[in-house]
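Sequence lines, in order, name chains W and Z. Per my numbering, residue 31 is the first one in the first sequence, and the count goes up by one each step. Per my numbering, residue 31 is the first one in the second sequence, and the count goes up by one each step.
A few of these clues could be false.
Intra- or inter-copy, both count: the list cannot distinguish identical chains.
As the list claims (entries may be wrong) - Below 30 Å or equal to it, Euclidean Cα-Cα: the simulated DSS-like pairs (lysine-lysine) are:
#  : residue 1 : residue 2
1  : Lys130    : Lys176
2  : Lys220    : Lys254
3  : Lys196    : Lys254
4  : Lys181    : Lys254
5  : Lys130    : Lys196
6  : Lys176    : Lys220
7  : Lys254    : Lys130
8  : Lys130    : Lys181
9  : Lys196    : Lys176
10 : Lys130    : Lys220
11 : Lys220    : Lys246
12 : Lys196    : Lys246
Since the hints were made in silico from the structure, they are not lab data.
Number of protein chains: 2
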Amino acid sequence: MSPTKATSNTTVPTQLLQTNAHSYAYRRFGSGSGLPLLFLQHFTGTLDNWDPAVTDPLASGREVILFDNAGVGRSTGEVPRTVAGMAQHAGAFLEALGIKTCDVLGYSLGGMVALQMVQDRPSIFRRMILVGTGPRGGEDIMHLEKPSLAKRIQDPTNRGYDVLKKIFFTSSHASQAAGEAFIRRLSRRKEDLDPAAGPNVANAQIAAFREWEGFKGERFAELKAIRHPTFVVNGAGDEMIPVSNSYRLSENLANAVLLTYPDAGHGSLFQYPESFTRHAAAFLASNSESAAF
Amino acid sequence: MSPTKATSNTTVPTQLLQTNAHSYAYRRFGSGSGLPLLFLQHFTGTLDNWDPAVTDPLASGREVILFDNAGVGRSTGEVPRTVAGMAQHAGAFLEALGIKTCDVLGYSLGGMVALQMVQDRPSIFRRMILVGTGPRGGEDIMHLEKPSLAKRIQDPTNRGYDVLKKIFFTSSHASQAAGEAFIRRLSRRKEDLDPAAGPNVANAQIAAFREWEGFKGERFAELKAIRHPTFVVNGAGDEMIPVSNSYRLSENLANAVLLTYPDAGHGSLFQYPESFTRHAAAFLASNSESAAF
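Pulled out of the complex, with its shape left as it was, chain W reads as follows:
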């Protein structure tokens, strides 16, 4: 199967990009007149954690590029212990691909990486989609030791993808059913899988969250300088990175539309993939200076 033929994260082959210092694992598929859309992944997530119900509809109209940061999946190197370190790797990856400007979908940790990248080099992105994420200096970011989360994460009956159903979705029947469907979609990919992230990945990424919670000077001041059209999305009941962080993003970014979903947690984009991809595609299709779409 040729990389350019597959149009789903269920089947697209993983590629390796060699730079001077690293080998980066990625998947690239889809086509259309839009700029490529870079996907930046969540805590401990690999290429296999991207829901085809999110990636595939967006691959109609543009190329999508899924990326394992350093030390994750089949990418080499140490997992950075700061968001800034992850942003450097993602920038080096795009440079090695010859991409000067693209769109980005940053989810959770990936949204923080996107924010750092655009602060470091504004021209790297045209439009940004930030889902379930928060600004530097945000509140209650990924405290997995909280009793409400720890209980679900440490439950031995939740193994593999099952734990995602418990922490990305709410306890309602409808949300858990959506979580089941999400896991079934992830499980469709049977070959060419990334190795699951181990404790070394988790520990370094948690260190990055703790560093990201800190701030110097005026809180959120750096957001006001970012004028890129931005689409901020979250579940109203996100317990991992509470929706208040999305409020602070949309209030302080110069040019951001906020959308929140009901009865949804951290995985709102996977709970409502049809709605999310329809809105995301409309946002990306716009060439307006305004984020409003």
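For this one, chain W is given, so just place chain Z on it according to the hints.
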């Protein structure tokens, strides 16, 4: 001109509906397979304050019904000093029209009236759009005496519709330009105009805001019982009814999608009418039990 032919609030004739107790002024136009959409108006607003760029696109696909509450415009009676009193008038109006269930777009004060109506009689609405409004017990609701607002409202150079440009829009060039366009659209209607609201209307409606800010028992508890699909919209920079009130609505209503617009104040729907009506029409077109669209 026949009432059924006109498809714009610029030209549709005003009608009067006689009940036992009152005569209610309204305008009704548009057509399609959707349920009628009732528009409930803002503080001191009359039928003439509905932007045709908002009403007219929504009149394609359904009838829209614009309504003067008691004592406003050409509707008879005393202006109620509570939201509950206004909700009773709106309910009596719908009953006299023979409408048992409809959709609603409640803006500002009108959103509070919609919330009270659906609490009193859940079957009255199928889907609700709540723009620039807030829940009972909300914060900083329509305090026109705040220095930031009072300065603009009392400026003698702001007359008639001009004051709306200053208080519904932000001070940015883009938002003020959108405010100019909004006023030009309102000014297109030259005949069959409502009388502007006087101090008696303003005083009674301000009393209703003050009563609405109070609450008994658990704050926002009444919202959790409302399961209607709801679309909550606000400008991120609303100074009249701050966006935090929309956050509380979307967090506490059982089934609400929230959308906020950047660089926008209280009049976000008039600043981005194309975007707003596109989203509102998609929301209204859905028959899903979920608010997600």
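Hint check:
1. Proximity of lysine 130 to lysine 176 under the C-alpha cut-off of 30 Å is found in neither arrangement, the shortest distances being 40 Å within a copy and 48 Å between copies.
2. For a Cα distance limit of 30 Å, the shortest separation of lysine 220 from lysine 254 qualifies neither inside one copy, at 44 Å, nor across copies, at 42 Å.
3. For a Cα distance limit of 30 Å, the shortest separation of lysine 196 from lysine 254 across copies, 23 Å, qualifies, whereas the shortest one inside one copy, 35 Å, does not.
4. With identical chains, the CA atoms of lysine 181 and lysine 254 are at most 30 Å apart between copies only, with a shortest distance of 26 Å across copies and 38 Å within one.
5. Within a single copy, lysine 130 and lysine 196 get their C-alpha atoms no closer than 38 Å, and across copies no closer than 41 Å, so neither meets the 30 Å cut-off.
6. Within a single copy, lysine 176 and lysine 220 get their C-alpha atoms no closer than 34 Å, and across copies no closer than 62 Å, so neither meets the 30 Å cut-off.
7. In this assembly of identical chains, lysine 254 and lysine 130 lie within 30 Å of each other by CA distance solely inside one copy; the values are 23 Å within and 48 Å between copies.
8. When the C-alpha separation of lysine 130 and lysine 181 is checked against a cutoff of 30 Å, the pair qualifies neither within a copy, at 44 Å, nor between copies, at 47 Å.
9. Taking CA atoms no more than 30 Å apart as the test, lysine 196 paired with lysine 176 passes inside one copy only; the shortest distance there is 14 Å, against 46 Å between copies.
10. Taking the shortest Cα distances, lysine 130 and lysine 220 never come within 30 Å of each other, neither inside one copy (33 Å) nor across copies (53 Å).
11. For a Cα distance limit of 30 Å, the shortest separation of lysine 220 from lysine 246 qualifies neither inside one copy, at 46 Å, nor across copies, at 56 Å.
12. In this assembly of identical chains, lysine 196 and lysine 246 lie within 30 Å of each other by CA distance neither inside one copy nor across copies; the values are 35 Å within and 35 Å between.
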